[in-house]
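Visitor: What follows is the residue order along each chain.
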Amino acid sequence: MEIKINRERHIAPLVLLRITFGLVLFVSAIRFIAKGWVREFYIAPKFHFPFYGFEWVRPLPPTGMYAVFVGMAIAALLIMLGLFYRVASLLFFLCFVYVEAIDKSYYLNHYYLVSLIGFLLLLVPAHRYFSLDVVRRPGLKVTRVPAWMIDIFKLQLCIVYCYAGLSKLTHEWMVEAMPLKLWLPADGGLPLIGPLLRQGWVAYAFSWFGAVFDLSIGFLLLYQPTRKVAYGFVVIFHLATGLLFKIGMFPYIMIAVTVIFFPITVKDEAPLSLSMVAGRRKALRVVLAGYFVLQLLVPFRYLLYPGKLYWTEEGYRFSWRVMLMDKGGTAFFYLKDARSGRRWEVMNGEFLTPLQERMMETQPDMILQYAHHLHDVYEKKGIADPVITVEDYVTLNGSGSRLYIDSTVDLAKQHENFLPKPWILPYRP
Amino acid sequence: MQRITLLFMAAALVGAGYSCSKNGGGSNNSSTGNNDTILVNLGNNIILPAYQGLAGAVNALDSAIGDFNAGPTASKLSTLQGLFKTAYLSWEASSEFNYFGPASTAQPVLPTINVFPTSSALIDSNTSQNNDNVNTFANTPAKGFPALDYLLFGAGANTLAGYTTDVDAANRQKYLAAVSADIKTEVNAALNGWSASGGNYLNTFVNGKGNSVSSSLGLLINSMDEDFEILKNDRLGIPLGLIPVGVVSPVLPKEVEAYYSGISVQLALTQLKAIQGIFLGTGEKGNGQGLINYLIAAKASFNGGLLSDTLKAAFTSTIAALQAVPDPLSQTIQSSTAGAQAAFVQSQRLVALLKTDMPSALGVLITYGDNDGD
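These protein sequence lines map, in sequence, to chains A and B.
Under the working numbering, the first residue of the first sequence carries the number 1, and numbering increases by one thereafter.
Under the working numbering, the first residue of the second sequence carries the number 1, and numbering increases by one thereafter.
Same shape as in the complex, but just chain B (with noise of 0.2 Å):
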């Protein structure tokens, strides 16, 4: 009985009703509650998963770079090219990750290991000055995984001679053993916070129930939509000649994502296929609960059909569009935008029912400004 006069007291209040106008907060029905089993799921099977795929990748890169640097051959440059390449698309199945918790809590935060464009001037001066330290603020274009895809493929066929008759050869061994020892440390150390042996951010997450923006499920959609914004703006956006930057921006084939190992839509579809494993709750070894049963649960509607299907048919579209763009995206789109172009498109209307419809149905708050409400 006390029960019901409080609430009633309480729903007397929103009489004077004051609240948030826009996007206030809230799921529909039992929708999130006590039902942890998603973020179970995501935790265990996904997300953990995910960061120790890219730490066992990241760490046989490292250790064959040592095998590289005490006796470059042809065979061994080779083999590091495929293991760079595995990391990488490992490192596109985790970046979802890394806006919140461990990852982005780091000093430097995770997605510092992979800004590009990287700055091939930079590495090069950095490489004749015998400058290794590549964990500094000015250096951050020059590390992580593209400058390993500058030192690993940037010289084409003379790749293997800026290894060994260089003049800066062995400048070159220490800078590409320093940038993928950084990479090591970084993403061991993320995995290590994740872990339950270690900062056990794991046991966090899957009781970090709720939908505030402080849940795990605000988290989650917030870090997975900035990395999906990543997506559209700069793995496409920017490099079509889509977006300004400084005023006139023809298109920039430089700019893509691995311009010189050329893997770029390789990349972005892994990151793609991953989003889209967490909202299915199928990435990795995900058994199907992912942030979908939410919106099922909640029947979340979306112009007179349900909202579950129109996402996923976006991202089913998204993803053909992506794939119908061959590699290597810096030629393709010199020669024809309309591919790329098509795909930045969908990724667009994605990006609106990630960041809009899916949120407002969970009533998850898509915000990291920090204000009252009325």
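Excised from the complex, chain A in its bound form (with noise of 0.2 Å):
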């Protein structure tokens, strides 16, 4: 896709962004609220799961914790409403990149999309058009922005779906049609289509659809004449993802951001261009031009760790890679006494909630951080310097559960870093 840096587009497209996103997510933060969420997964756990290098960040009390999701939601109208826009997405982003961090056992690829669309918007003036801003000081008015104004989050979708496309080209995705082969018999109640989603060949069937959709998408929302029908697939597609599997608002937030490849024309209106300061638009570029660098390069990062990424998960996360295995383990935890020789099973529903037990047992680098939590608690109540080892037992694609972690190694005196991590014990099919 080319980006001109100084041709003009009329502003519509990024103030329909603008609405659809507010829309999408004040619901979304409001729905979180309304489940009980804040509480089930940030003020119960009594452990918490940051990303390497931020496990400063901390949750609130449980009032702070309500106050950031009310802050969120309230960003989240205003960003709709066009009001104070500045100072709202700003607040929206930190809100939610402050949730998004204190805990991985809830990372999933549609809220790191949204931190990343919520980044972008920082950058855009969406509220100069059709907004309270414009209502409240008439001056802010533009018609007319830089075209990469909103180049950018056309990109950002096209990465979005091609290395989404990209990371199904696998054997196990094209030839084997896992994991959709185990999980689409269970939609086999569905009205209509369920009597057709327990045969084996409806398998393949969706794999290859899906890969062809993910790997096209984005050039035929592009490409004027299939613009419209395209936007049709998107819309119809999602909302039956929507219907099969348990995601949530994420078909909504799909719908809502691919709006942006619509060019909007609005006749009859004086031009009204945005001025920049030149070293703004300097900065701005150079910010981008990194951006969009990480944006290409992060997923690929598996490359450089030995083993079988499904089984490792060692550059697994922020790439794109959407309901590619079907996972899940039974982790022992062992804590020993190293004086006396001594060894205990640790109860995991002690430290953790099911689905962080859950999330933990089949992702290494949780698995680490849980066993150093291990064993400070048990070096406090008076044990010294206890080795913690784990047998934990995984299955992939419906392999059959083996040992997943080398379960002689004690896992305290191991340290998280982006070295491969030698003690996950290598995947044989």
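What the hints contain is simulated information worked out from the structure, not anything from laboratory work.
For each residue, glycine too, the CB sits at the ideal point set by N, CA and C.
Do not take every clue at face value.
What the hints assert, rightly or not - Subject to a maximum C-alpha distance of 30 Å in a straight line, what follows is the list of computed DSS-like cross-link-like pairs (lysine-lysine): (1) B:K299 / A:K308; (2) A:K246 / B:K299; (3) B:K76 / B:K174; (4) A:K381 / B:K76; (5) B:K299 / A:K380.
Said to hold, decoys possible - Where chain A lies over chain B, by a calculated footprint (3+ residues, C-beta under 8 Å): (6) 68–81; (7) 236–248; (8) 346–357.
Unchecked claim - Some chain A residues near chain B, calculated using beta-carbon distances under 8 Å: (9) L182; (10) L335; (11) M347; (12) F351; (13) L419.
Make the complex out of the two chains shown on their own, each in a separate frame, by following the hints.
Guide: Written out as structure tokens, the structure is:
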């Protein structure tokens, strides 16, 4: 896609994006509170799994956590209305990213996408047309903005779809139709298409169609003659995924953000161009260049690690790898007193919620974090430098459970870093 | 044609594909589908008869307690002790179904009648103060089968005297009757909830097709797995000192189930065989249509072999390991923990197969949490 820096476009697509994004994220924040998830995810757990390098991010006391979510909802509403946009978009971004950083148990690719769109919205004047800010201060109004301000969102979404498509070009997805072969029959009770979902070939049809859709939809949305049909597909397909899988707000978020592909022209209007200081334009150019280079490279970081990506999950997150595997585990953590030689099996339920435990059991970096936590807890309880080991049985795409982590390694002595984790046992098919 | 069109539309959706990357749920071809003969067998021939058996046993126990209290004798006590063991064993054959349906929605939930170890001190103080209101939260450790275990076996050779010559004899009789009545009420309520003549949850169960978390299969597997973890952790792990209670836990003989009657291993074996019965479809009056049939239909594999074979073998070896441990468990583990530890290790492997492999093969989500996927 070509991004001409000095070309101008009507601001309307940005405004439309601002409104749909604000609306969907407002609903999303309210839904999160209404479902009791603020308590369940951020107040009830005794332990959290922060991202590497962000261990200093801690949850606030209960009132504070609710305030963050209420603030997020209000900020989303203000974004939609275009009222105090600059402050609102910053507040939304900070609240959202803060919440996401607290615990990686709840990481979802679409939350990552919301964070990215939230960041890009900070950089553009989406409030300077058809907004309460313009009503408040008519001088803010502009009708034309540099084309790149719209194109960055298109580029971002094309990256999401293309990378999601590329990640499907694997033996598992294309040749074995895994994991859809395991998942689709679960919806066999649906009216109309239910009986078909139980057919073996249907999983193949879905897998291949999915890969083709992901790889092509971005381009079909960019290309004017196919745009309307492509958007129709986006709407139908995302709603259908919502029907088949438990994915919450995701379909609505995608339907909301892909509106950016529609150029909207408003007739009979005096052009009012956005004026920008040269220095500011230059700075934005540098920031965006860096941003997109990272966006393009980060999903490929897995190539730097040995072993099977789905098994080790080293370089898995932030890469638009969605619904690619069926993975589950059962982990027995052991606490050993080196002096007496005595060993106990830790009850994970004492420290983790069922959801945290389930996510931890198949993700080595979380296993390590939890092991360190156990070490510290039992050291405080009087066992000098306890040895922490794990016997973790993991199954990948119905392979049958096998040991995941070297059960002889004292995890309390291992440390998190970006290097490969030698204590993950290799996957043998 | 319209169906095909819809299907293809749905197919591409996967493209944008944002769904759970973890255990999403789904079974292999036709494994669950419309095939409800397994649910019918499990419901009609295994679950309902298990609750009927338990209700019959606790009703018999309760009337024998009435008879005993009318004129306590050594022979009546011995009858009572026998009936207690029968009832407790029946409990183990039905406890697998207590974490869904009527038993889980009762107030208090049915599993509260088997919270062990019991508090002998609390029971003693309740008897001496003539407090026989056992159905309070505070009295949870002083009610149910563990309380009967203490009341009927706790004083050894002096047990009968506790109901005849002891200063608290009359109070103790009342307390014994109250504990038994409470068990009887709770068990019969659960049975009534399942029965066709009562709440008819049986009908809900056999028609709860599919394999979502709220399907009968999902509920049963989660309930059974939860119950099995009690076997591993509470019946074996904690008494053996393999699980930290506080920090340093040595062997804790008094933590065993049925400490006073000394039938801990028998109870655990009954429970384990009941779980095996659900798996094979052979429990109670089962006709051989069990969870294993889903796995066979799904051709679920396990490291090159069949998951159904692996699980069958794991049940057999865990049962064999447990059978090698003599009762009373509390005494066995004080002289040697090796046998019971071997059974614990076997049960760990079985837990992993039941919690990870079976649900994954059947597309049943093992979760108590609620979250979106991506």
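Visitor: For the restraint on M347 of chain A, tell me whether the closest CB of chain B is nearer than 8 Å.
Guide: Check passed: Cβ of M347 of chain A comes within 6 Å of chain B, closer than 8 Å.
Visitor: Between the stretch 236–248 of chain B and chain A, see if three or more residues pass the 8 Å beta-carbon test, and mark the coverage as holds or violated.
Guide: Held - the stretch 236–248 of chain B has 8 residues with a Cβ nearer than 8 Å to chain A, which meets the minimum of three.
Visitor: Report holds or violated for the interface hint on L182 of chain A, using the least CB-CB distance to chain B and a cut-off of 8 Å.
Guide: Since chain B brings a Cβ to about 5 Å from L182 of chain A, closer than 8 Å, the hint holds.
Visitor: Does F351 of chain A meet its interface restraint, that is, does its C-beta lie within less than 8 Å of any C-beta in chain B?
Guide: violated (12 Å)
Visitor: Within 30 Å, alpha carbon to alpha carbon, are K299 of chain B and K308 of chain A?
Guide: holds (25 Å)
Visitor: Interface hint check: L419 of chain A, Cβ to nearest Cβ on chain B, cutoff 8 Å. Holds or violated?
Guide: violated (24 Å)
Visitor: Starting from K76 of chain B, check that the Cα of K174 of chain B is at most 30 Å away, please.
Guide: holds (16 Å)
Visitor: Would the pair K381 of chain A and K76 of chain B pass a check requiring their Cα atoms to be no farther apart than 30 Å?
Guide: violated (50 Å)
Visitor: Within 30 Å, alpha carbon to alpha carbon, are K246 of chain A and K299 of chain B?
Guide: holds (26 Å)
Visitor: Taking 8 Å as the Cβ threshold, is the statement that the stretch 68–81 of chain B is covered by chain A upheld or broken by the three-residue rule?
Guide: This one is violated; 0 residues, fewer than the three required, reach chain A with a Cβ under 8 Å.
Visitor: Counting residues of the stretch 346–357 of chain B that have a beta-carbon nearer than 8 Å to any beta-carbon of chain A, does the count reach 3?
Guide: holds (count 8)
Visitor: Under the criterion that the straight-line Cα-Cα distance not exceed 30 Å, is the pair K299 of chain B, K380 of chain A satisfied?
Guide: It is violated: about 49 Å lies between the C-alpha atoms, which goes past 30 Å.
Consistency note: the structure conflicts with the earlier hints numbered 4, 5, 6, 12 and 13.
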